[in-house]
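2 protein chains.
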Amino acid sequence: MDITSETHSQHISKQFNHELEELKTHLMAMGGLVERQIQEAVSALLDGDSRLAEHVRDNDKAVNDLQIKIDDECTRVLARRQPAASDLRLVLAVIRATSDLERIGDEASKIARNALALTEGGNGSKGFVEVRHISEHVRKMLRDALTAFARFDIDLALAVVHEDDAVDSEYTSAMRSLMTFMMEDPRSITSVLSVMWILRALERIGDHANNLAEYVIYLVKGLDIRHIDPDELDEDALKR
Amino acid sequence: MDITSETHSQHISKQFNHELEELKTHLMAMGGLVERQIQEAVSALLDGDSRLAEHVRDNDKAVNDLQIKIDDECTRVLARRQPAASDLRLVLAVIRATSDLERIGDEASKIARNALALTEGGNGSKGFVEVRHISEHVRKMLRDALTAFARFDIDLALAVVHEDDAVDSEYTSAMRSLMTFMMEDPRSITSVLSVMWILRALERIGDHANNLAEYVIYLVKGLDIRHIDPDELDEDALKR
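Residue numbers (the working numbering), protein chains in the order written: chain A, 1 to 240; chain B, 1 to 240.
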């Protein structure tokens, strides 16, 4: 290779790395946006703030636009750079991740719509403590999954995967207590159902954060753990 | 190009086409499996067949295994063949499609689990007519979306996209009548909630079938319509 073509190929590789970094940066921006959507949707519920709920609902378009934009960038990188090995895994992980973030955005919209219904109904606040608690839990999972993605941090990704079981059991117990409340006070059925949909949306957000963490393990280790029980993972092998 | 290398490149291109065909074939097999999972889960509910429900629940692993296998094949095609243009779009569409089919499988499992709860509870059959009706509707959407994928059939894909609104309004009306029933007979709350979860799972299956149809349009036309309102699509332009 002569000096000119070496410089040329260094230039290409620098440009390529820059494009991969950009993909990650844009994914993080999308992650930050959906995290804010969750936070604002839950605040709208807890504070009975219908304008904030409407804002979240209307802002879902921005999330969708980001997905289209990032997926487009990924397709262009695949077509032009034809990445292999870990670069290919990064692009595929970003494509999968935008799909989960987009669905988290949808769930945040659902929370906002149910918050609106509850605000208009002027009902009690049964289940709000659980909503607050679980929403903080899944937002932390989402933040950690994104950080793990940005840093290729296997330990943090594994921690998120383990966290999902805790969210599931908090969800189950909250649903059970809401069901009991409904039976005791049938007039509350409509409003309690709205809170149940909100809890279910939060539980789904936990699942998506868990998926994001699994993509981190895939992209760093080339190992697809999507359908392995977290308790059966050989973590020492993953951390090696 | 001399004759040997021409034969060689023809051989490669034949082999490549064969690999792409295989991806489609495996996707169709996965689609057939999840369609059967929905059908059996709903039959288990309607016939109170707890063994069939358990079978569906246990069979979810087969769906998951297929996803991993097909995704693996896609990654290998991307790494070795470095496809461009419509070939690249096909591989990306298959990756997206396996994700939706896997989630349809999850929803079928949820239906089976709720069918089990209902069978054990020995409750009435409130909402079963709606479940049967909506399940037939979304199964047809899924079948049509898969056929559209196999045949690159834009018209059929567009028909599926339009069908989703009909399912959503059937779902909303079924949910409303179940809510009324709950208020009239609070002792039914537990069992009616299970039927509600089943309806919601079916509605989600409709969404995923809709996604599959959108990927067909993406792969044939290179156009991402995921976040465009079906009523605002310029269909004549798409069919050109």
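Keep in mind that a hint or two might mislead.
Which copy is meant is left open, so a pair is good if it fits within one copy or across any two.
Derived lysine to any residue pairs resembling SDA-like cross-links, with alpha carbons at most 25 Å apart [unchecked claim]: (1) K140 to S169; (2) K110 to K221; (3) K24 to L223; (4) K24 to S191; (5) K69 to E136; (6) K24 to S99; (7) K69 to N17; (8) K14 to L33; (9) K239 to F16; (10) K110 to D229; (11) K221 to A62; (12) K24 to E130; (13) K110 to R80; (14) K221 to G121; (15) K69 to I228; (16) K126 to T25; (17) K14 to R80; (18) K221 to E130; (19) K110 to R89.
Just so you know, the hints here were simulated from the structure itself, not pulled from any lab data.
Hints versus structure:
1. With identical chains, the CA atoms of K140 and S169 are at most 25 Å apart within one copy only, with a shortest distance of 16 Å there and 35 Å across copies.
2. With identical chains, the CA atoms of K110 and K221 are never at most 25 Å apart, being 35 Å at best within one copy and 31 Å at best between copies.
3. For the identical chains of this complex, K24 and L223 are neighbours both inside a copy (20 Å) and across copies (24 Å), given an alpha-carbon limit of 25 Å.
4. Neither within a single protomer nor between protomers do K24 and S191 lie at most 25 Å apart by alpha-carbon distance, with minima of 40 Å and 46 Å respectively.
5. In this assembly of identical chains, K69 and E136 lie within 25 Å of each other by CA distance neither inside one copy nor across copies; the values are 29 Å within and 35 Å between.
6. Taking the shortest alpha-carbon separations for K24 and S99, both the intra-copy value of 14 Å and the inter-copy value of 21 Å come in at or below 25 Å.
7. Taking the shortest Cα distances, K69 and N17 sit within 25 Å of each other inside one copy (19 Å), while across copies they are farther apart (29 Å).
8. Proximity of K14 and L33 under a CA criterion of 25 Å is satisfied in neither setting, with 29 Å inside one chain copy and 45 Å between copies.
9. With identical chains, the CA atoms of K239 and F16 are never at most 25 Å apart, being 28 Å at best within one copy and 36 Å at best between copies.
10. Taking the shortest alpha-carbon separations for K110 and D229, only the inter-copy value of 18 Å comes in at or below 25 Å, while the best intra-copy value is 29 Å.
11. When the C-alpha separation of K221 and A62 is checked against a cutoff of 25 Å, the pair qualifies only between copies, where the shortest distance is 24 Å, while the shortest distance within a copy is 32 Å.
12. Proximity of K24 and E130 under a CA criterion of 25 Å is satisfied in neither setting, with 33 Å inside one chain copy and 44 Å between copies.
13. For the identical chains of this complex, K110 and R80 are neighbours neither inside a copy (38 Å) nor across copies (42 Å), given an alpha-carbon limit of 25 Å.
14. Within a single copy, K221 and G121 get their C-alpha atoms no closer than 50 Å, and across copies no closer than 45 Å, so neither meets the 25 Å cut-off.
15. With identical chains, the CA atoms of K69 and I228 are at most 25 Å apart between copies only, with a shortest distance of 14 Å across copies and 31 Å within one.
16. Taking the shortest alpha-carbon separations for K126 and T25, neither the intra-copy value of 39 Å nor the inter-copy value of 50 Å comes in at or below 25 Å.
17. Taking identical chains as interchangeable, the C-alpha atoms of K14 and R80 lie at most 25 Å apart whether they share a chain (14 Å) or sit on different chains (23 Å).
18. With identical chains, the CA atoms of K221 and E130 are never at most 25 Å apart, being 36 Å at best within one copy and 46 Å at best between copies.
19. Taking CA atoms no more than 25 Å apart as the test, K110 paired with R89 passes in neither setting, with 32 Å inside one copy and 31 Å between copies.
In this structure, the hints that do not hold are numbers 2, 4, 5, 8, 9, 12, 13, 14, 16, 18, 19, in rising order.
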